[in-house]
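> If you want the building blocks of each chain, they are given just below.
2 protein chains.
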Amino acid sequence: METKIVTIDLDTRSYDIYIGAGLLFRMNDFMPQDVEGKSLFIVTDTNVRTYAERLHTMFSEGNARSCAMHVVPAGEASKSFERVEEVCGWMLENDLNRDSIVVAVGGGVIGDLTGFCASVVMRGVPYVQVPTTLLSQVDSSVGGKTGINTRQGKNLVGSFYQPTAVIADIDSLQTLPRRELLAGYAEVLKYGLIQDAGFFSWLEKNGERVLDLDKEAVAHAIEVSCKAKADVVEADEKEQGRRALLNFGHTFGHALEAEAGYDGTLLHGEAISIGMIMAMDLSVRMDLCDENDFIRLEEHLVSVGLPTRASLIDGLETNVDRLLAIMARDKKVKDGKMVFVVANAIGDAMISNAVPEDLVRSVLVHSLGGESKGGNKGIKDRWLSAFSSQ
Amino acid sequence: METKIVTIDLDTRSYDIYIGAGLLFRMNDFMPQDVEGKSLFIVTDTNVRTYAERLHTMFSEGNARSCAMHVVPAGEASKSFERVEEVCGWMLENDLNRDSIVVAVGGGVIGDLTGFCASVVMRGVPYVQVPTTLLSQVDSSVGGKTGINTRQGKNLVGSFYQPTAVIADIDSLQTLPRRELLAGYAEVLKYGLIQDAGFFSWLEKNGERVLDLDKEAVAHAIEVSCKAKADVVEADEKEQGRRALLNFGHTFGHALEAEAGYDGTLLHGEAISIGMIMAMDLSVRMDLCDENDFIRLEEHLVSVGLPTRASLIDGLETNVDRLLAIMARDKKVKDGKMVFVVANAIGDAMISNAVPEDLVRSVLVHSLGGESKGGNKGIKDRWLSAFSSQ
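Note that the protein sequences, when read in sequence, are chains A and B.
Going by our numbering, the residue at position 130 of the first sequence is 130; the numbering climbs one at a time, nothing skipped.
Going by our numbering, the residue at position 17 of the second sequence is 17; the numbering climbs one at a time, nothing skipped.
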C-alpha cells in the first residue's frame, strides 16, 4: 500500500507524519536529517522492546556514528521525574550532543517521556517519534505535547515540543491487545464528534474494519485523525483557544482516570469513551444537543465494545463530590471557572464557560449508576468480553 | 534617578528590563499583567530571603488572590532535578494555574532554577525575574536560558524560556559581597571584549565607580550589557550561530569550574575572568590578535582584583589532559570539533572551528603555572585581598 503523508505546518517546527505498512524497515527514508556520523538514542519500553531492537540493529549496521538504546518499564509510572533524570543522564553519559537524534519507539507514555527528555536535555535536541499504538498514532503524534505526572496529577509538568518526524507503522498494531486498540479507537471517534460528522458516519460503517486492522481502513482512520488534529493544532499551537476542543470528554475522563489510579484498571481511551458520553449527556441536559445524537454515540461505543458508564469501571470507588473536586483542580480551569467542551451535534463541538454545576452533578450521578437512560443493557458484558479477548 | 528600560524584541516573547534604584517597591508598575485575582509564586534563596520577604508582604497586602513564597538553599547545588520536582510540586500543591505568575528573586541559580520550573510546570506559566546580583542582572536577565546541572555537567538540562519582565533593582546590590560584584563585573567586561571597544575603554576608566556602586555608573554598565546581549540574542534566540560569541572565555571557564567543583572555591565570573584571558592568549598565539590587547585586558582585570590564571585557584587539582577532556565534552562541541570564541582585537570576537590542539595545550600549560608572560606579579595578593574584603 502507498505511504500516506500528513504535513504538520508549524512554521520552522513543521514536520511530516508517515502512515503505512512496513515503514520500520524504511526508517532511513523518513529520517528528517541524514544520520551519517550522528549518534542516535532510542528510548522504548518493555512492551515493544523486540520491535525497537530491530530498529536498533538497523541503525547500528548503518552509517550512524553510534546507536544506543534504553528500555524503561511499560506503563504510566514511567512518566516520572525519576525517569526523566535517568533518561537524560543516560543520554549525557553516552555523549549526546546537539546533532544527536532521539527516537521514541512506543505508545503515549514513551512519546510523552522521551519527548520531554528531548526537549530539555541540552535545552532541546531533535527527536523522531515511532508511535506503536493506535492511540499514540492518532493523538500524541500531533501537537507536540510532552509531559510527566506528579503526585498532584497527570501531565502537570511538560513542554510543547514538536518532533522532527513521526513514523506511524501500522504493522506495529498487529501485536497490540484488542483492548488497547479500542482505547485508541475512542480518540479516533473523538475527531468525528468534534468537527467531522461525515467521518463519524464512516466510522459507524467501517469501525469494525479498523479494529480488525484492515490496512486501508486503519490507515484512512489514522490519516483523517491526524489531519483533524493538525487543523486544530496549527491554528492554536499553545492551547489558548480552539485547541481546547481536543479535550472533548477529557475533563470528565481525566477525573475518572485519577480515581481509578493509572494502574491499568482503566485505560486512557476507556476513560475518554465514558467521558465523551458524559460530555454528550451534559450537552443534551444543556439543551444544546438532540438526544438522538447522544443515543447514536452510545450505540456505536457499545457496538464496538467501549465502556460508556463510570459504574462499569471495575472496583472504582468514588463519588460525585470527589470527581467534582478533581475536575476543579484540572488545568483547564481558567480564572476559577470550569471550562467544558460540549457539542451542538455530532461533528460540532464548542467550548462553554457557563455550565451550571447542578447539570454536571446530574451527569456524574447518572454515569456512576443513578437513573438509567436506556440503551445500556448488556454493555458491561460486551465490554468485559472485549477485555477477555486480549 | 530615572528608570532605564531595555526592550528585548523577540516577537510574541518580547519583554522589558527595568533598571534603576528602589524598583522593588514599585513592582506593581512593572508587572506585565495586572496581578488582581491572580495567584503569585515567589521563589528565592536563603541569601536574599529578607529582600524577597518585602515583596511577599507587598503582594500579600495587594489585590492578588494569593502570594506564596518558597525558599531554597543558596548555591549551585539547588540547580538539581530534586529541586525542580520540589518547586513544581510546591506550586501545584498551592493551586497554581495557567494565569498564575511565578517571580524569581535571587541570583543566577534562582533565575535558572525558577525559569526552568516555570517553563515546564503546566507546560509553561508566565514568570518575572528579579535578579539580585550584578551577574544575573547583566547575564541571565537576557536570553531566556534556564537550566539545572546533572552529574555530567552544568546546565545540561534546561529550556529556552523568556521571562515576561525583568526588574533589575540596583539597590539589591548593596548587600552583595565585593567578590560577587567582581564576578558579575567579569561578564560586564565580556560585552566590551566581544563587540564594543568603546565600552571596554569606558570600563577601564569607570570600572571602580561601577564596583563602588555609584548608581549612575552601575546602571549604565547594566544597561549597556543588557543591550549588547539583546543584540546578539535577538539575532539568534536558539544559539545556532552568533549567540555563541557570548561564550567568549566560557569553554575554558566551564572546564575550570568543573574541576573546582562548584563549591564556592571559584565563582562563575572568576572562572570567566581566567577563561577570557585564556581565550585572548589563544587568539594571540593564533596570530589573530595583537599582544597589546592581551596585556590591556590582563592589566584591567588585575587592577580591579579579578583572577587571570588557573594557578591562582586555591587548591585546584587538575592538569592539561583533564581540562582538555572536559572541554571536548562541553556542549559547544559540534560534529566532534571544538568550537572556540577568539578575538581579532578588543571589541571584535569571532567563532573559530579550526583551532590547533597544540595551541590550546600551550594556553592551558601557561595558565596552570607554566612559563610566565609578564604582568602577573602580585595578582594573587590582589585577588586574595578582594576575597578577604567580603
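The set of hints was computed from the structure by calculation and includes no laboratory data.
Here a beta-carbon is modelled for each residue, glycine too, at the ideal position from N, C-alpha and C.
Warning: the hint list may mix true and false statements.
To be verified - Here are some, though not all, of the chain B residues that point toward chain A, as calculated from beta-carbon distances under 8 Å:
id, residue
1, Arg54
2, Gly89
3, Glu93
4, Val125
5, Gly158
6, Phe160
7, Leu312
8, Val320
What the hints assert, rightly or not - Every beta carbon over 12 Å from chain B, so not counted as near; a handful from chain A, in silico:
id, residue
9, Asp29
10, Val120
11, Asp196
12, Leu316
13, Thr318
14, Asp321
As the list claims (entries may be wrong) - To give an idea of the chain A side of the interface with chain B (calculated C-beta under 8 Å), a few residues:
id, residue
15, Leu92
16, Pro126
17, Leu156
18, Ile326
19, Met327
> State for each hint whether it applies.
So, going through the hints one by one against the coordinates:
no.: 1; hint: Arg54; in the structure: violated, 28 Å
no.: 2; hint: Gly89; in the structure: holds, 6 Å
no.: 3; hint: Glu93; in the structure: holds, 6 Å
no.: 4; hint: Val125; in the structure: violated, 10 Å
no.: 5; hint: Gly158; in the structure: holds, 5 Å
no.: 6; hint: Phe160; in the structure: holds, 6 Å
no.: 7; hint: Leu312; in the structure: violated, 30 Å
no.: 8; hint: Val320; in the structure: violated, 21 Å
no.: 9; hint: Asp29; in the structure: holds, 23 Å
no.: 10; hint: Val120; in the structure: violated, 5 Å
no.: 11; hint: Asp196; in the structure: holds, 27 Å
no.: 12; hint: Leu316; in the structure: holds, 24 Å
no.: 13; hint: Thr318; in the structure: holds, 21 Å
no.: 14; hint: Asp321; in the structure: holds, 18 Å
no.: 15; hint: Leu92; in the structure: holds, 4 Å
no.: 16; hint: Pro126; in the structure: violated, 12 Å
no.: 17; hint: Leu156; in the structure: holds, 6 Å
no.: 18; hint: Ile326; in the structure: violated, 13 Å
no.: 19; hint: Met327; in the structure: violated, 13 Å
The structure shown violates the earlier hints numbered 1, 4, 7, 8, 10, 16, 18 and 19.
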